[in-house]
Amino acid sequence: MRFAFRALPAASGGALTPRPVVDIALEGLADAPMECLLDTGALRTRMSAELAPLAGIELSGALTEEFYVGGLKTIGALARINLTVTDGTDEFLWDAPVWFCDPWPHPFGLAGLEGFLYHFLVTIRAYDGYLDIEPRP
Amino acid sequence: MLTMTVSGHQYDLDTRGVEEALQGVLPEPIQEHFVVINGRRWPPKQVLALVTGLDRADFTTHQARRALTRLGFTAGRAASPRGYYRVRSSAATAQDPALSGSAGSPEPLVEALRPFVGLWVAVRGDEVLVAAPSAKEVVAWLARHHQRAQSMFRVADSEQAVVGAAPQ
Chain R
0 MRFAFRALPA ASGGALTPRP VVDIALEGLA DAPMECLLDT GALRTRMSAE LAPLAGIELS
60 GALTEEFYVG GLKTIGALAR INLTVTDGTD EFLWDAPVWF CDPWPHPFGL AGLEGFLYHF
120 LVTIRAYDGY LDIEPRP
Chain L
0 MLTMTVSGHQ YDLDTRGVEE ALQGVLPEPI QEHFVVINGR RWPPKQVLAL VTGLDRADFT
60 THQARRALTR LGFTAGRAAS PRGYYRVRSS AATAQDPALS GSAGSPEPLV EALRPFVGLW
120 VAVRGDEVLV AAPSAKEVVA WLARHHQRAQ SMFRVADSEQ AVVGAAPQ
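Protein chains in written order, with numbering that gives the first Met the number 0: chain R, 0 to 136; chain L, 0 to 167.
The set of hints was computed from the structure by calculation and includes no laboratory data. No false leads were mixed into what you were given.
Only part of the chain R face toward chain L is listed, based on derived beta-carbon distances under 10 Å: (1) P17; (2) A29; (3) T85; (4) G87.
Because the structure is a prediction, the values reported are computed rather than measured. The beta carbon of each residue, even a glycine, is placed where N, CA and C say it ideally should be.
Construct the complete structure from the given sequences, taking the supplied hints into account.
Here's what the structure looks like:
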């Protein structure tokens, strides 16, 4: 399954450098897959806590941890849920830990080792502007 | 200010009045025809119904388009629904120099996203389905209009918002 790197508009005009992203749908939020930056340096898979209630995910009583992302201290609450990726033809579904974070000022989620990279063989072809993922055999 | 007759009723309409009537409203999905107002694409019938209070069954898309273009808004017709993003392959890069590297023509999605910096968006292919101040509003819009997005994210308002995300 292939995902094109995604570019965003730059404030000064033109475009920001395209980033490697995957669109990951939370169980209960299949119509709005969340753009997640592929982050090989991140242990966790993290998303904004505001997505949890939209997906019907209960976080009260969940395990939490404090950590820093981009210099900002935040608190993540753990939920184990089904995640899905699709390219419009194929679909992969897996069960994974996701940390829902508040505050989360970033415009995307982070797809890290736990939750994403442990589940797929990922080939990054930055020069060509895309990445391929295959489910772990 | 233009006086127009729609469905047997007379209305005095102007550009600013139309733009103000759309403040705080989200555009519905584009079926085929659209008009561009405040940098966004709107179904002509949705706009005319909002500014006149008429039921949409009282006029046609053609009448709505004509009324809005007379006010100076640009109208257009959407291509057939676009699918997922095209991915540049090595072969395509070799055959089309414009696709290689960061040079060449601007990415269509980048240009489509430009009016929505700072907002949450749902996209499919190169098309922005909806843009709103919160993820909750985007999700509600998708559910209300039975639409499925390819991706949802907030359009970063600075390079710093993108590059500053690496965990320490």
